[in-house]
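Chain B: place on chain A using the hints.
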Amino acid sequence: MSIALLIEQLLNGLQLGVMLFLMAAGLTLIFGVMGLINLAHGSLFMIGAFACAAVAAATGSFWLGLAASLVAAAAAGALIEVVIVRRLYARDHLDQVLATFALILILSEGTRWLFGSFPLYLDIPSLLQGAVPLPGVGQYQLYRLVIIAVGMIVAAGLYLLIARTRLGMRIRAGESDREMIAALGVDISTLYTVVFALGAALAGLAGALVGALQSVQVGMGEPVLILAFVVIVIGGIGSIKGALFGAILVGIVDTMGRFLLPKLLALVLPATQSGAIGGAIASMLIYILMALILAFRPRGLFAAQA
Amino acid sequence: MKKILASSIFGLSMALSSVVMAEPVKIGVITTLSGGGAGLGVDVRDAFVLAVKQSGNEDIELVIEDDAQKPELAVQLAEKMIQSDKVDLMTGIIWSNLAMAVVPSAVAQEVIYLSPNAGPSQLAGDKCSPNYFNVAYQNDNFHEAMGEYANQDYKKTFILAPNYPAGKDSLTGFKRYYKGELAGELYTQVGQTDYAAEIAQIRDSGADSVFFFLPGGMGISFMKQYAQSGVNIPVLGPGFSFSQDVLPAVGDAALGVKNSSSWSKDLDNEANKKFVEAFQAEYNRLPSLYAAQSWDTANLIVSALSKASVKDKDAFREALKAADFASVRGSFKFNNNNHPIQDIYVREVVKEGDVLTNKIIATAFEQHGDAYASECKM
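Chains as they are written, first to last, in this note's numbering: chain A, 1 to 306; chain B, 1 to 378.
Only chain B is shown next, with the shape it has when bound in the complex:
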């Protein structure tokens, strides 16, 4: 008994002393806080700040900057954070093109970057880095899940995405698992707001379902126009176009749409319940997928900080890789390329009272990694 008491006091004092001795940790958050894409960045920032606050870790200092969704600005901010603010860790970027501009040079300068959203295929494959951790997903994942799910009910799907790298990754991901025939494959303009021409082709194609990846305002426009067009073919999509940040703007047009996501507000685990409750109490709105991923990123960092000093890069990387934190997505671990292995769900848009939100109806993949992990020499 004495021995247990002594050792536990010893343990406690160690824990205390490590808190006392802990040095400040600077985290640079570059995200989109102005312009059309600001809704996503605001969710990432708000969830991150709240998670840090709730962790009670007072050594964490945040440097938050707005990239206005411009790659050149993001690069400048990253340089400033690394050179003059001397940040230890970086996170926050929403968009793949910005991530591609910032991440390779940041990780080459031995700054650890944790992605709360973007997951371009290059960074999962041959350009993977021990300093790069993706806490969200690899870009193809949600589309792969929808391709797999479409096999159940559909044989002739019409697919469309914007004509840029993430759009091509999307349709590639869908086709990787979809076994049916394609009724058509279209690439639209980035930032396009009118989809009448595309909807007319969908009507004419004889498709039995439509899969689209149109992030942000593009998806809102497409869904609203589709619902009014008189075309009644079921719609499938990745969770981005049916996330909590865009659902209010789409309105009832989104009801019943099946979409894929690694997270949903109704996921039944303790961490998720706590997260949804805390986020709603603090900000008076439902969290989005981006908020959930950012919350996990912050908690992953907090968990690693309790194990290792951020100045000891090797030990800290190891602590991150262990992913020893309570993810709001339930089971979560890192693959060899530091990308998640996680479950991907199919959700349906439903109405709870007056609020549009999602509910899980199926699991598309269990413990799903990504297609590029084998190209990563690490």
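Bound conformation, chain A alone:
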């Protein structure tokens, strides 16, 4: 095992983490401000990917598709908030989970009805094709580096938005005390719609970026949704900073586990068994990590105020 391989795997972990951050940021923001558990967040990820693939196929431009994914996911998010989710804020979490789970089914079958049952094609734009030489690593896929950069820019942008703008101030106020900012005359329902649409747009962006790397198909959002929930539980529900650290931690632990565990077990077991057992343990690793963190920090690493 070479140092180059180790660095490459760290980059892979970082890239996975950054992608998870785009999902988890919206999820944690929505929970923090509105107190809503949104299981349909993965469907917004899927909507972003489908919008990007459909527009890219029609126009031939990935970049137009990327813009379309933001618009489509934000619009779908705003629509869902106004029509359905708004009625759920006052109800308990179980009702929210039931309603948003129903939304997953409706959005999945709706997408299948619109686009058919077969996976769509979405390719990396020609500008970002291929691999680039990286010092100490050899070749590394350019597009993955771009995803890391985009994720970092979004993280910085979100920080500035929340720390420095009036909207951000209202979001922070909403996290601290919902009733009070409504009483102070802030139009709370518009704020909720904006936050939901922002979260949805981030999920849509993640979907479009990742859609070019994998298969654009119905149900692609659910595996990512589960990981995003692990991330916000580790990071502390409601905290953007927690989402960033949690996402990168989960990305790196998951990637390194998949890579190192079979190798470690191979020292004591025959190849076939070490591969199967190592793979099985690697898939549990982030959940073990989550359990450990919850045992010592029950409210996550960066718990927001209650």
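Since the hints were made in silico from the structure, they are not lab data. Treat the hints loosely; a few may be bogus.
Unchecked claim - Anything over 12 Å on all C-beta distances counts as not near chain B; from chain A, calculated:
| hint | residue |
| --- | --- |
| 1 | Arg-166 |
| 2 | Ile-181 |
| 3 | Ile-188 |
Claimed, not checked - 20 Å max Cα-Cα, derived SDA-like pairs, lysine to any residue:
| hint | chain 1 | residue 1 | chain 2 | residue 2 |
| --- | --- | --- | --- | --- |
| 4 | B | Lys-175 | A | Thr-272 |
| 5 | B | Lys-168 | A | Gln-273 |
| 6 | B | Lys-155 | A | Ala-271 |
Quick caveat: nothing in here was measured; it's all calculated off a predicted structure. Cβ coordinates follow ideal geometry from the N, Cα and C atoms, glycine included.
Frame of chain A, contents of chain B only:
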């Protein structure tokens, strides 16, 4: 002359009377029509419906249900079909885990099940049944073919598959015929979408080729990421990841990949030409391997119905076992365990105009059965 005429009129009237007297036959089709795996089920359903329509047999009544790729739902649907719809035959299941949940109890209730795709090793070996016919393949077959083919050019192959029973069957099948050394053997998570960690290990392993079995969206993700990674080692795989349902989503990344299959759209026989033409005319897309297997399943049933009544189970099973139908795969017959003995080909992904498709470049096995037939006491 008179005698010939008389006998032929007699024969004709017999044939006519058997049509007139034929009782309705109910076939239950449980397949995946929603969710991520729906593309495969839609092909199975469409080909089956079209084959029945083209056969002109109006006694066949289809009961089609969607299992959403969930074993528990498939079991409920099967019970409903057997108990309340009273189906005579069942077919349609795509996935091995669903087949394992449904088939043993269905065949124990004397319903004949014909598999258009899944072929778990248990059902080919000690759990084989006279009521279970596999018209597709035994799960190991395509992987065995790739192992055999890899011997020609490669000495150090890196192999990977998802960590579930069919994934293990796959790598076992590959290793059964592959004589070279393994550069690495990996089991990935089921439903995994990112393969950066695995591709990095392939790059580092010094392999001269990669064999992977990653069905559905997993394979699409792997191929797209592999093509972009700058690793230029040749890729081999079973036909599932290069079937007509996924090729458009993989795109040019699949060009040139060698894959194994019992069927290809360019197989040169009358039945296949008719099938490809009819399917394209009806649905305006190229058929996949799953469509071909389903088409054969329907035609096998139609052929058996012309020989025996479905109510006479023994005679009907015998008529099925004879496999007296024009398979789109050319020669096709059943082994002692009711699994196919057929040729397995190596195909290469090529571009015809704008459309990605496969072309046969070699025959890996002629008249190939499966490794579990000897365990079947039947």
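- Tell me, in ascending order, the numbers of any earlier hints that this structure violates. Hints that this structure does not satisfy do not exist here, as all of them hold.
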